[in-house]
Amino acid sequence: MAEHFKIPQNINADDEKLIDLADLFKAYGDVTRLRIMFRLSEGACYVNDLADDLGMTQSAISHQLKLLRQAGLVGAKRDGRNIIYSLADEHVSTIIAQGWDHINE
Numbered sequence: 032m033a034e035h036f037k038i039p040q041n042i043n044a045d046d047e048k049l050i051d052l053a054d055l056f057k058a059y060g061d062v063t064r065l066r067i068m069f070r071l072s073e074g075a076c077y078v079n080d081l082a083d084d085l086g087m088t089q090s091a092i093s094h095q096l097k098l099l100r101q102a103g104l105v106g107a108k109r110d111g112r113n114i115i116y117s118l119a120d121e122h123v124s125t126i127i128a129q130g131w132d133h134i135n136e
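FYI, in our numbering the residues of the sequence shown are 32 to 136.
Fair warning: there could be bad hints in the mix.
Quick list of simulated restraints, FRET-style, between CB atoms [as the list claims (entries may be wrong)]: (1) Y59 - D80: 30 to 38 Å; (2) G111 - K37: 39 to 47 Å; (3) D54 - R109: 21 to 29 Å; (4) A75 - Q40: 32 to 40 Å; (5) A75 - N43: 34 to 42 Å; (6) D80 - D46: 38 to 46 Å.
Hints were generated in silico from the structure; no laboratory data involved. For glycine and all other residues, C-beta sits at the position ideal for the given N, C-alpha and C.
Generate coordinates for the entire structure from the input sequences, incorporating the hints supplied.
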């Protein structure tokens with residue numbers, strides 16, 4: 032049987048945290064952003080590496096990375112003149128992995 036997680040009770044539709052949760056799932060709801068996060072789950076890399084690996088322009092990747100950073104799903108660290116990107120924390124990959132498991136049940 033699947034492990035059960037405690038879902039908070041007494042939540043109403045106007046709850047700010049519920050809105051934040053919906054925004055989080057919106058960030059996961061784009062194929063390009065998911066492809067970027069799947070790639071970053073293999074390890075940190077630069078925009079040009081992501082662009083090459085995913086067959087996209089650096090501009091398109093940068094736009095999606097901006098959205099992922101705003102959602103708190105991707106982190107960035109300066110490396111000289113370049114920026115290296117990585118998943119923000121283990122929660123990001125856990126959510127992806129659980130979603131993947133769910134659709135493959």
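Now the hints, each set against the structure:
The given range of 30 to 38 Å is broken by Y59 and D80, whose C-beta atoms sit roughly 22 Å from each other. Under the hint 39 to 47 Å, the C-beta atoms of G111 and K37, about 45 Å apart, fit the expected range. A hinted range of 21 to 29 Å holds for the C-beta pair D54 and R109, which are about 27 Å apart. For A75 and Q40, the hinted distance range of 32 to 40 Å is satisfied, since their beta carbons lie about 38 Å from each other.
The hinted range of 34 to 42 Å is satisfied by A75 and N43, whose Cβ atoms lie roughly 39 Å apart. Look at D80 against D46: about 39 Å separates their beta carbons, and that is inside 38 to 46 Å.
Against the hints set out earlier in the document, a violation occurs for number 1 only.
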